[in-house]
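Novice: Each chain is listed here by its residues.
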Amino acid sequence: MRLGCPSFRLAAVCFLALAACKGGGGSGDTGASSGAQAKGPAKMGAALSMTGAAATYGQSQKNGLEAATEEVNGSNSLQGIKLELLVEDDATSKEQGINVFQRFINTDKVSVIIGPTLSTTATAADPLAQQAKVPVLAISNTSPTGITDIGDYIWRDSLTEAQVVPGAVKKAKAKIAFKSAAVLYGNDDVFTKAGYDVMKKALADENVTVVDTQTFAKPDRDFSAQLTAMKGKKPEILVISALADNAAAIVAQARQLGYAGPILGGNGFNSPGFIKNAGPAAEGVLVGTSWNSASTAPANQRFKELMQKRGANPDQFSAQAYSGVLIVAEAVRKAGYKTGRDDIKGGFAQVKDLDTPLGKFSFTQTRDAQHEPAVQQVKNGKFEIVE
Amino acid sequence: MWQQAINGVFLGAIYALFAVGYALVFGVLDILNLAHQAVFTLSAFVALAFVAEGNMPLAIALPVSLLAAGLIGIGLERVAFRPLRGRSDSNISGLISSLAAATILEAIALQIWGPDVHRFPQGTFPDKPLSFLGATVSALQLTIIAVSVVLMAALTTVLRATRLGRQIRAVAESPRAARILGVDVDRVIAWSFFLSSALGGAAGVLFGVAFNSVSPDMGRSVELKGLAVIILGGMGSIAGAVIAGFALGLLEVLTVVQLGSSWRDAISFGVLFLVLLVRPSGLLGKAAIREA
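Here the protein sequences line up with chains A and B, keeping their order. Taking numbering that gives the first Met the number 0, the leading residue of the first sequence gets 0, the next gets one more, and so forth. Taking numbering that gives the first Met the number 0, the leading residue of the second sequence gets 0, the next gets one more, and so forth.
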């Protein structure tokens, strides 16, 4: 194994792979590398944005992960194997995300990494896990490209924008019949830019004319120039791809400038934080979502019950986090109750129609999530599913 | 277009108010006070604390945080600038020490308030949209433009018509000559910092209220703009900073309208670059503060 490093790899990659193999004698034969014992507890390292621009999501995700870990451990459904959850803050930054990944891989020797919160961070940190052959389960990365195509150790349970947005545009169009749209997106973030690409395509597919396209950057606070320009073109709907903090400010300023028409948001709007910060301006905003909060499936009811017990507001991010832990537990079961890094990776491939709050969950051939998306609208300060 | 002009004037008012403070200290000391943006941030937080936790109206919170910002400015001068004064390299070391002060103040804000974006409670200011020649202006925007103009006019009056103003101008001309003529130079410099920081603090509060967003890194979004404004206006010129502030606000909005928002910063700083090439002293030249 150590001598078998293919010569075409870069020296640095070879060195890293060596370092990763050193501890556990190779992953191929035992299926357990670097101290993740095949029968020991399943250590899950979660890299979440607890601070920084995406902190709104990180807290939700932590709640979901903790609730599910307690639920699985309490049910004793893994033949005595316990799930162990470690949460670290990636501070919404690539650099910190890489540090956290390195720590999980080399120091904590986790069986699986969950996260990181943002796609931007994932594009920087996931390659480390791929090189070290540590499976990663993304629970909120929605950029259609650049995540699971990093390699065969990268999986996700979050639907991509490409899976959610077209459905949302279609449903919104059926409901309010619009023919023209103006689009505003953040052009300095992988996720919001990817969201824009998908929106553009979805609008074209629905024969909607885009009358104006404007951009902003994450640190911006004033969006009135862009919004005024867009409003001037008299679009029948505003379509926005932004993170929750910017999204709240954008929607509030759009209403301030007297725009009264409908607004359709990307995945970044999917947070109670958005409604809280935008206040009354959020009313009526439409958002595509991976999580159908109104679903009466038992797995979803149980999830909502557990979140309420923790005093937390259930949202898409906690639902995806909660489901992520259920998926890891299922992977351990499918692997014959083993918790090595390759056991879990192999187990992921066999997860099929698992009951989660997101619905019946499977992975696609490309390790992306597969389940039914929904559309929701803000009504009286709450998201409600649009039937 | 008319609406965009109003957007530009509004943005420009905040840039100008922020930059005037920069220009004042630069005019007097020939030092760039890079901690100006940290004062901007802290002042917004002080106002937020009074409004959100003290349940006070903004009309009280604004002057209080202005005063607080001024006092922070005096402290800043005492700690970061005065010990270095008189050294041969005080321009560079002052720049570095103000950068250090900015980092420390930002870290303090981070410790107390955390990294998240904070907001003024709903209804802090009655947000009534008014129709004005076909454009929508909120009462808040008008108030902010008015407050900035009043504060900038007040500063000009202080510099022109008061004893302190004359002393500040004398020190700006030549600290040594001023001292010989009996001016307490240290006191005058401390006052300059007070005025400069109070104005920067006012800009911070208005910015926080206008965009309803207060966070420890909010100063960064105006820091470079403020520098651009004082360079554009002519280093140390108060009137230049005011004109350049409004010009930059309008230019940014115009870029968004004509070329698209992705070009905004590139164009703003491109123009700055051109001004530096064609008219290195800026729009109004350098000596303006002495004449005020």
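What the hints contain is simulated information worked out from the structure, not anything from laboratory work. Keep in mind that a hint or two might mislead.
[As the list claims (entries may be wrong)] Heads up, incomplete: computed chain B residues facing chain A, CB under 10 Å, no partners named: (1) Arg81; (2) Gly85; (3) Ser137; (4) Asp216; (5) Asp264.
[To be verified] Residues of chain A placed beyond 12 Å of chain B at every Cβ, according to the derived structure: (6) Ser74; (7) Ile80; (8) Ala228.
For glycine and all other residues, C-beta sits at the position ideal for the given N, C-alpha and C.
Novice: With 10 Å as the cut and Cβ atoms as the points, is Gly85 (chain B) at the interface with chain A?
Specialist: Violated - the Cβ of Gly85 (chain B) stays beyond 10 Å from chain A, reaching only about 38 Å at its closest.
Novice: Answer holds if the nearest beta-carbon of chain A is closer than 10 Å to that of Arg81 (chain B); otherwise answer violated.
Specialist: 33 Å, violated
Novice: May I ask you to test the interface hint for Asp264 (chain B) with respect to chain A, counting a Cβ-Cβ separation under 10 Å as satisfied?
Specialist: 8 Å, holds
Novice: Does the interface hint hold: is Asp216 (chain B) within less than 10 Å of chain A, judged Cβ to Cβ?
Specialist: Holds, about 7 Å.
Novice: Holds or violated: the hint that Ser137 (chain B) contacts chain A, with Cβ atoms closer than 10 Å.
Specialist: 6 Å, holds
Novice: Would you assess whether Ser74 (chain A), listed as outside the interface, keeps its beta-carbon beyond 12 Å of every beta-carbon in chain B?
Specialist: Per Cβ check, Ser74 (chain A) is outside 12 Å of chain B; nearest 35 Å; holds.
Novice: Regarding the assertion that Ile80 (chain A) does not contact chain B, is the least Cβ-Cβ distance greater than 12 Å?
Specialist: 36 Å, holds
Novice: When you look at the beta carbon of Ala228 (chain A), is every beta carbon of chain B farther off than 12 Å?
Specialist: 5 Å, violated
In this structure, the earlier hints numbered 1, 2, 8 are contradicted, and the remaining ones agree with it.
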